[in-house]
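Visitor: Next come the chains, spelled out residue by residue.
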Amino acid sequence: MTINALDRRIIAATTGGLPLTPAPFAEVASWLGVPEQTVIDRMAAMLDTGVIRRVAIAPNHYALGMTANGMSVWDVDNARAIELGAQVGAFEFVSHCYLRPRADGWPYNLFAMIHGHNRDEVEILRAQIAALLGPACRASDILYSTRILKKTGLRLTEGGQ
Amino acid sequence: MKPLRRTPLAADALDGTDRVLINRMQDGLPLVPHPFAALATDLGLEEDALIARIQAMREIGAITRFGPFFDAEAMGGAFCLCAMEVPSNRFDAVMTLVNAHPQVAHNYERTHRLNMWFVLACERAAQIKQTAEQIERETGFPVLLFPKEHEFFIGFKVTA
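Chains as they are written, first to last, in our numbering: chain P, 0 to 160; chain G, 10 to 169.
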């Protein structure tokens, strides 16, 4: 997948978001000195290749009452991990879902971030995942975050490598 | 940029139309010259009125942003989740050493023997291992690497 120099300029211009105007792509186009349709076409191409996942609003789940989250981790039979992981990721309450390598003292290969209104709800949702995995899961745990130690947005320079 | 609001809004902060907008606009808007027009027609709103609602929801922190969501990896970056087991009496000192690396994108304290979890974001894959090894040397504690081996499609939705 390749992104060209114009794509990089579009990315740099929109990492902070699009302007909230009736014609946001026209405004981005005016910043970059290119036609509106060029911006739309390049963004559509990036959507096709997956560089852009979607153009949407991001709700603040804390503001909407989803204040509890836990990183649930599961030791799932390798032979079924892809199939079951896909079903776990499809739950509306799971925001991230990955297979990762196991480590010494760490038997878990499936990671799923669960969001809920409170910790009790997160535990109920966690039980739904456990029920789905059934005997294919040998062990599980959940790690709650107790403190944000650092949080920075993604940085991408216009001339990045 | 305003700091992210981390407390729930009052129950009456959003009306029914706001909630429909949040629920409908999470999935994606069309890449057309007037991306809000079709949704506005659907909801019986003027385009400007719909945009004013989004602006107001951003002001009160119900929405954090509007725009493209990029796949950082597809743009060529390298990312890795890392974890460390840090004794409580060394926690703050290690946190300071870890956070000093610009490659550390986020870092969370979590309830586990492995109590420090952070994401390394580098331009090239080789830099992940180099940075992790440097953190090991600086802190004296091992850094476990949990690169993603498979990413699943996510159905996550916040119901407003």
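Hints listed in this document are in silico derivations from the structure and should not be mistaken for laboratory results. Here a beta-carbon is modelled for each residue, glycine too, at the ideal position from N, C-alpha and C. Where hints are given, some of them may not hold.
Covered by chain G, according to a simulated footprint, are these stretches of chain P (three or more residues, beta-carbon under 8 Å) [said to hold, decoys possible]: (1) 56-64; (2) 137-143.
Far from chain P by the CB rule (all over 10 Å, computed), these chain G residues [stated by the list, open to error]: (3) 26; (4) 29; (5) 44; (6) 46; (7) 54; (8) 64; (9) 99; (10) 118; (11) 137; (12) 139; (13) 145; (14) 147; (15) 150; (16) 159; (17) 160.
Visitor: The structure should be examined with respect to each hint, and the outcome stated for every one.
Guide: The hints, checked one at a time:
1. By the rule of at least three residues with a Cβ nearer than 8 Å to a Cβ of chain G, the coverage given for the region 56-64 of chain P holds, with 9 such residues.
2. A stretch counts as covered by a chain when three or more of its residues have a beta carbon under 8 Å from one of that chain; for the region 137-143 of chain P and chain G the count is 3, and the coverage holds.
3. Consistency note on residue 26 (chain G): stated as away from chain P, and its beta-carbon is indeed over 10 Å from all of that chain's, at 14 Å minimum.
4. Its beta-carbon lying about 12 Å from the closest one in chain P, residue 29 (chain G) satisfies the requirement of being farther than 10 Å from that chain.
5. The beta carbon of residue 44 (chain G) sits about 7 Å from the closest Cβ of chain P, which is not more than 10 Å, so the claim that it is off the interface is violated.
6. Under the 10 Å C-beta cut-off, the non-interface status given to residue 46 (chain G) relative to chain P is violated; the minimum distance is some 8 Å.
7. Every C-beta of chain P lies more than 10 Å from that of residue 54 (chain G), the closest at about 12 Å, which supports listing it as non-interface.
8. Not every CB of chain P lies more than 10 Å from the CB of residue 64 (chain G), the least distance being 5 Å, so the non-interface label is violated.
9. At roughly 14 Å from the closest C-beta of chain P, the C-beta of residue 99 (chain G) stays outside 10 Å, upholding its exclusion from the interface.
10. Non-interface status of residue 118 (chain G) relative to chain P is broken: a Cβ of that chain comes within 10 Å, the nearest being about 4 Å off.
11. In this structure residue 137 (chain G) is separated from chain P by more than 10 Å, as the shortest Cβ-Cβ distance comes to about 13 Å.
12. Non-interface call for residue 139 (chain G) relative to chain P: holds, since the shortest CB-CB distance, roughly 16 Å, exceeds 10 Å.
13. Interface exclusion of residue 145 (chain G) from chain P stands, the closest Cβ pair being 14 Å apart, more than 10 Å.
14. Its beta-carbon lying about 16 Å from the closest one in chain P, residue 147 (chain G) satisfies the requirement of being farther than 10 Å from that chain.
15. Non-interface call for residue 150 (chain G) relative to chain P: holds, since the shortest CB-CB distance, roughly 14 Å, exceeds 10 Å.
16. Look at residue 159 (chain G): its CB is around 4 Å from the nearest CB on chain P, not clear of 10 Å, so calling it non-interface is violated.
17. With a least CB separation of 6 Å from chain P, residue 160 (chain G) falls inside the 10 Å interface cut-off, contrary to its annotation.
Checked against the numbered hints given earlier, this structure breaks hints 5, 6, 8, 10, 16, 17; the rest are met.
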